[in-house]
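**Student:** Now for the letters of each chain:
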Amino acid sequence: IAGITQAPTSQILAAGRRMTLRCTQDMRHNAMYWYRQDLGLGLRLIHYSNTAGTTGKGEVPDGYSVSRANTDDFPLTLASAVPSQTSVYFCASSDSVTTIVREQFFGPGTRLTVL
Amino acid sequence: AQTVTQSQPEMSVQEAETVTLSCTYDTSESDYYLFWYKQPPSRQMILVIRQEAYKQQNATENRFSVNFQKAAKSFSLKISDSQLGDAAMYFCAYTLTGNQFYFGTGTSLTVIP
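Sequences listed follow chains D and R, in order.
Residue 3 in the working numbering sits at position 3 of the first sequence, with consecutive numbering throughout.
Residue 58 in the working numbering sits at position 58 of the second sequence, with consecutive numbering throughout.
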């Protein structure tokens, strides 16, 4: 593995179903993020994690949950999917610390369609 | 929430020419970080350039440079000698601490051969 991987690449899901998007990084970055990308809206932060064991809410957290049990993995769960959650989801990581902000590295994205 | 505005949804440039993409942002902070990311049709987000607000000198990376106007809260990207491979969606981003990044809505750049 080199960088960030996401799975699945794409998924069609029935409304009301539970879905977990997986994200794994091998760069030992402390911080990880989940974004959704919608046409005309750019990327919007859903949740983030500064370090294993901690998480925080971004701009659009409703309907999503995350966990950070270890450094490498940061899964995003939709407990009961709705059509408005149809989007492309990007996972990202960064080795930013309090005093040094570094760029984010992005995964290839997951295209999710909720019908 | 912070806002980042990219007022040009679409831009085009002739190959080998220069193009400038605009970005403005809203903040009351003095120390922050700004980035330009490129997203080609492959969907992969790629860092183009970054700027620390405390640095007066504009960042440069090969054919890419920025015009950072702190007082005006403006952060434009200049692409010189445009190449076909520069065709992509470009996103401007702001962060204060690295916890939350705020992205603009993007500018789609077309390069005309």
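Source of the hints: derived by calculation from the structure; they are not laboratory data.
Just so it is clear, CB atoms sit at the ideal spot from N, CA and C, and this is done for glycine as well.
Incorrect hints may have been included.
Using C-beta positions, here's what the derived DEER-type ranges look like [to be verified]:
hint: 1; chain 1: R; residue 1: S108; chain 2: D; residue 2: P61; range: 27 to 37 Å
hint: 2; chain 1: R; residue 1: M11; chain 2: D; residue 2: G53; range: 41 to 51 Å
hint: 3; chain 1: D; residue 1: N70; chain 2: R; residue 2: L96; range: 22 to 32 Å
**Student:** Decide, hint by hint, whether the structure agrees.
**Tutor:** Now the hints, each set against the structure:
At about 28 Å, the beta-carbon gap between S108 (chain R) and P61 (chain D) stays in the expected band of 27 to 37 Å. Under the hint 41 to 51 Å, the C-beta atoms of M11 (chain R) and G53 (chain D), about 43 Å apart, fit the expected range. Distance hint check: the CB atoms of N70 (chain D) and L96 (chain R) are about 27 Å apart, consistent with the given range 22 to 32 Å.
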